[in-house]
Amino acid sequence: MAPTLAVFKLASCDGCQLTLLDCEDELLALAGEVDITHFLEASSAVAPGPYDLSLVEGSVTTAEDAERIRAIRAASRHLVTIGACATAGGIQALRNFADVDEYRRVVYAHPEYVATLATSTPVSAHVDVDFELRGCPIDRRQLIEVITAFLAGRKPDVPDHSVCFECKRRGTVCVTVAHGTPCLGPVTHAGCGALCPAYHRGCFGCFGPSGSVNLPALIPLLRRDGLDEDAVERFLHTFNAAAFDKIDKE
Amino acid sequence: MTATAAPAVLDRDGLNALVAALVAQGRTVVGPTVRDGAIVLAELSSADALPFGWGVELDAGRYRLVRREDGAAFAHSAGPQSWKNFLHPARERLWSADRTPEGDVSFTADEPETPSYAFLGVRPCDLRAIAIQDRVLAGGRYEDTGYGRRRSGAFLIAAECTEPGATCFCVSTGGGPAADPGYDLALTEMDGRFLVRVGSEEGAELLERVPHRPAGPDLEASARSAVDAARDHMGRSLPPVDLRTLMGASLDAERWDDVAARCLTCGNCTMVCPTCFCTTTEEVTDLTGDHTERWQRWDSCFDLDFSYLHGGPVRASARGRYRQWLTHKLSTWHDQFGTSGCVGCGRCVVWCPAGIDITEEVAALDAERTALGTETD
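Read top to bottom, the protein sequences are chains L and P.
Just so we're aligned: the first sequence equals residues 1 to 250 in UniProt numbering.
Just so we're aligned: the second sequence equals residues 1 to 377 in UniProt numbering.
Next comes chain L alone, as it looks inside the complex (with noise of 0.2 Å):
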């Protein structure tokens, strides 16, 4: 019997889940190998669990999510989460910076019927997971990467390092050196295949920290290149603020 694969989200645009449908030319031979039982996006049609591999979008940001997980951990052989929101928080973990109550107030005409956490986490602060995929979103070619892996019982292919060994193979000009202009790459995992400076603009750090981060010496090289201390951090407060935060007081 082929093995079971389920999508599940949680607080996320479900972009990352999407990534999935997009795989069109290997949707067929995923098809064939796996027995997708519980992908909403793609069919109401759900089987209840337990489920093989479950692949989770989204970060925990209510009470109800904190259950679901729970709930999806015990359904799942493999949690497998994507996307920087289930691994780092997202987008919405800007929140774990202020006051949630201050913005709840200002963002919506009824703040009473907004039940939320006063944070945003990561499903690896629940849950243990087998694997984090990274990236806002995910990388078509490394979430088949990370589903082969599973079926063939190994070890995903997903390099721990910067965004600029993959600037370098596909032979980038680098946007910092050649033209001054700000980048998380050398700061940034890698995955994207290094999509932004190849259009000449800075790595907006979609993909989170790389396994291997010096947030002290790249700080300098921001400011040299124009940003104020203001702009450094909205630069690093985007889709992966949580896990640079983190980084930054280690």
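Source of the hints: derived by calculation from the structure; they are not laboratory data.
Bear in mind that the values here come from a model prediction, so they are computed numbers and not experimental data.
Take the hints with a grain of salt, since some may be wrong.
[As the list claims (entries may be wrong)] So the derived list for chain P, only partly shown, Cβ under 10 Å to chain L, looks like this:
#1 ASP36
#2 ASN268
#3 GLY289
#4 ARG297
#5 VAL314
#6 ALA318
#7 ARG321
#8 GLN324
Built from N, CA and C at the ideal position, the CB exists for glycine as well.
Mind docking chain P on chain L? Use the hints.
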């Protein structure tokens, strides 16, 4: 060797004809050209794509393209790539294997059609870098067959240096701005003309096919003196000490902590280095598990995974990784391959986003050693 073994001179039309002749031979001509605000190496369809009128301003961690009044094509220093991007590419498939429904497995070695390269504008430092990679990748018992295939057919046209960059230090690595043997043709650009020296039979044959004139003794002498003068205009230098001994004696130096505080461990230095050769392999399976491929891709001693053994990376600290890179490059490379691994091209200085300067680091290590009262000469 034919009569053209005596130096010849090409004008711009001659250079055009030279590239056209190589293209007509079916060669993939690769040379410098302007793209994305830098002088990169890319396939050239004609000599018109050369960076006529462009120069560069270089500093540690900084590269800027600048206009030149003189229209020179080769008056720029090493850019973000080197010839290893073509001879030792970033990613290459080695073999693939297939499993039949009956369970039989067959392996297929990957032997793609190899481009017949002609490299135009190979700097003397890069010529030395190619010779080093020849020893590393094709000179030992286990040849990198892909490298061997690409390298053996490559036609090399050197461009000597008359204007070293601010980050150049080839002289202090034992090299210089003049091309050593190993080229097929060597050019020296002199006011829009190109003095050509022949280095191989194949080079002589090609030169015969393009319009050229014999170079008079005056041009030859002025080209020689321009290249000689360039020796004294290196922007940087390594300290004149025995670097093997210095590195070997500096394993516990405090300077490693200093540089580790600035090092991003991003790996850029190793990837722009024309001699760094390390690779890893990746096994790619498809979803069915019936087809698998082995790919070789560039790796770097700055990658934590590079030294991953059972339980974790051996060189977890930035200090350990930077020290490994520099010590291998300048010291243990001799033990392995009989030469230094540094040709003084300056790429690691320019393309380090943090501007870490190898010459400055070595000088600091030397100063620390000297301060300890154990000079390493």
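Verification of the hints:
For P:ASP36, the interface hint holds, since its Cβ comes within 10 Å of a Cβ in chain L; the closest pair sits about 4 Å apart. The beta carbon of P:ASN268 is positioned within 10 Å of a beta carbon in chain L (closest approach about 5 Å), and the interface hint is therefore held. Nearest Cβ of chain L to the Cβ of P:GLY289: about 5 Å, under the 10 Å cut. The hint holds. With a cut of 10 Å, the hint placing P:ARG297 at the interface with chain L holds, because the nearest CB-to-CB distance is about 7 Å.
At its closest, the beta carbon of P:VAL314 sits 14 Å from a beta carbon of chain L; the interface hint therefore is violated under the 10 Å criterion. The interface hint given for P:ALA318 is met, as the beta carbon of that residue sits about 6 Å from the closest beta carbon of chain L, less than 10 Å. At about 8 Å, the closest approach between the beta carbon of P:ARG321 and any beta carbon in chain L falls short of 10 Å, and the interface hint on this residue holds. With a cut of 10 Å, the hint placing P:GLN324 at the interface with chain L is violated, because the nearest CB-to-CB distance is about 13 Å.
The structure fails to meet hints 5, 8 from the earlier list, while all remaining hints are met.
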